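> Assemble the whole structure, with the sequences as input and the hints as a guide.
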Amino acid sequence: MKKNKAFFLIVFTLFGFSIGLSQVNSTDNDSCKSLLAAIEKNDSTKVAQLLETTDPNCMCRWNSDPRTPLVLAGRMGNLKIVKQLIASGADVKFHVKGDETPLMAAALNDNVALVDYLIKQGAIINKELSGDGTALLIAAREGNYAVVNYLIENGAKVNAIVIGDGTALIQAAKNGHQKVAELLLKNGADPKLEAPGDENPMYHALASNDEEMISLLRKYL
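Using the numbering used here, the final residue of the sequence shown is 1180, and nothing's skipped along the way.
Some hints could be false.
Under the rule of at most 20 Å between Cα atoms (straight-line distance), these lysine to aspartate or glutamate pairs were calculated in the DMTMM-like manner [stated by the list, open to error]:
id, residue 1, residue 2
1, K1039, E999
2, K1178, E1158
3, K1000, D1014
4, K1145, E1171
5, K1116, E1153
6, K1178, D1149
7, K1042, D1024
8, K992, D1058
9, K1138, E1101
10, K1000, D1024
11, K1151, D1169
12, K1052, D1075
13, K1056, D1075
14, K1056, D1024
15, K1116, D1149
16, K1039, D1002
17, K1151, E1141
18, K1052, D1014
Per label pair, the in silico range of CB-to-CB distance [as the list claims (entries may be wrong)]:
id, residue 1, residue 2, range
19, L1180, K1138, 15 to 21 Å
20, K1039, L1180, 27 to 33 Å
21, E1171, D1050, 40 to 46 Å
22, D1069, A1007, 24 to 30 Å
23, K1039, I1122, 33 to 39 Å
24, S1167, Q1080, 34 to 40 Å
25, A1072, D1149, 27 to 33 Å
26, S1167, K1005, 41 to 47 Å
27, Y1162, N988, 42 to 48 Å
It is worth saying that the hints were derived from the structure and are not from the lab. All values derive from a computational prediction rather than experimental measurement. Glycine included, each C-beta is placed from N, C-alpha and C at the ideal position.
Structure follows, in structure tokens:
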């Protein structure tokens, strides 16, 4: 009889612990969502309030994607909030599976000051992620000339190949960003370089009948 009581006590304790853990996780998730909502609204005052009780390295689903506060702030291009998060302990090198790094997120915007700050805080310039590429690939894809130039000047590899994402020059050619493509070529980008499953820059220029891009690439072949 005593053994049965002991068994039921253990089960009850574990069950109660499980419920408690679930409630804690739910609370943490709600706090993280509140923080992300404030970041998306560029509400630095609310962000400061939430950071008093919320982990700046938290993660939750946001618009169906896994997201962290620092990545979202990078996507929003909000340097002030990025600084708030890092001051509260956000890790510039941290990212979750299925999401880009904070630097890659910042490369989506033509905001050199934001990219510069993240790099000075320890962000890895040449970090590669399949499905995202590198910060340089992202900036080239978006046509963000100033960020592409800054990244190159600070050691970004112009001929880095990421499977599924190609190279920076492929991204520039594919998306019709002639000035970015020319900048890459002047800094050693190889116009003949092919990426598995993504052909080469000239292939994309020809496919889109981009005469200016075709002419530019031919100068470097």
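> Take the hints in turn and mark each one as holding or not.
Results of checking the hints against the structure:
1. Between K1039 and E999 the alpha-carbon distance is near 13 Å, which keeps this suggested pair within the 20 Å criterion.
2. With a C-alpha separation of about 19 Å, the suggested pairing of K1178 with E1158 holds against the 20 Å cut-off.
3. Between K1000 and D1014, the direct Cα distance comes to roughly 19 Å. Compliance with the 20 Å bound is thereby established for this hinted pair.
4. With a C-alpha separation of about 16 Å, the suggested pairing of K1145 with E1171 holds against the 20 Å cut-off.
5. Restraint check for K1116 and E1153: the C-alpha separation of about 15 Å stays at or below 20 Å, so the hint holds.
6. For the proposed pair K1178 and D1149, the alpha carbon gap of about 12 Å is at most 20 Å, so the pair holds.
7. For the given pair, K1042 sits about 23 Å from D1024 by alpha-carbon distance, which is inconsistent with the 20 Å threshold.
8. Distance check on the hinted pair: K992 and D1058 sit about 16 Å apart at the alpha-carbon level, within 20 Å; holds.
9. Proximity of K1138 to E1101 is assessed by CA-CA distance (about 12 Å); at most 20 Å being required, the pair is judged to hold.
10. A threshold of 20 Å between alpha carbons decides the hint, and for K1000 with D1024 the separation of about 18 Å falls inside it, so the pair holds.
11. Restraint check for K1151 and D1169: satisfied, since their Cα atoms lie roughly 17 Å apart, inside the 20 Å limit.
12. Of the pairs offered as hints, the one joining K1052 and D1075 holds, with about 14 Å between alpha carbons and a cut-off of 20 Å not exceeded.
13. As the CA atoms of K1056 and D1075 are separated by approximately 24 Å, the hinted pair breaks the 20 Å bound.
14. As the CA atoms of K1056 and D1024 are separated by approximately 10 Å, the hinted pair is consistent with the 20 Å bound.
15. Proximity of K1116 to D1149 is assessed by CA-CA distance (about 11 Å); at most 20 Å being required, the pair is judged to hold.
16. Taking the CA atoms of K1039 and D1002, the gap is near 10 Å; set against the 20 Å cutoff, the hint holds.
17. For the given pair, K1151 sits about 14 Å from E1141 by alpha-carbon distance, which is consistent with the 20 Å threshold.
18. Of the pairs offered as hints, the one joining K1052 and D1014 holds, with about 15 Å between alpha carbons and a cut-off of 20 Å not exceeded.
19. Remark: the range hint 15 to 21 Å for L1180 to K1138 is upheld by a beta-carbon distance near 19 Å.
20. Distance hint check for K1039 and L1180: the Cβ-Cβ separation is about 45 Å, which falls outside the suggested range of 27 to 33 Å.
21. Our hint of 40 to 46 Å for E1171 and D1050 holds, since their Cβ atoms are close to 42 Å apart.
22. Restraint check, D1069 to A1007: a C-beta distance of roughly 27 Å satisfies the suggested window 24 to 30 Å.
23. Distance hint for K1039 and I1122: a CB-CB separation of about 36 Å, consistent with the stated range 33 to 39 Å.
24. For S1167 and Q1080, the Cβ-Cβ distance of about 38 Å falls inside the hinted range of 34 to 40 Å, so the restraint holds.
25. At roughly 30 Å, the beta carbons of A1072 and D1149 sit within the given window of 27 to 33 Å.
26. Here the CB-CB span from S1167 to K1005 is close to 44 Å, well matched to the stated 41 to 47 Å.
27. Separation of Y1162 from N988 is about 44 Å and conforms to the stated range, judged on CB atoms against 42 to 48 Å.
Of the hints listed earlier, those the structure fails to meet are numbers 7, 13 and 20, in rising order.
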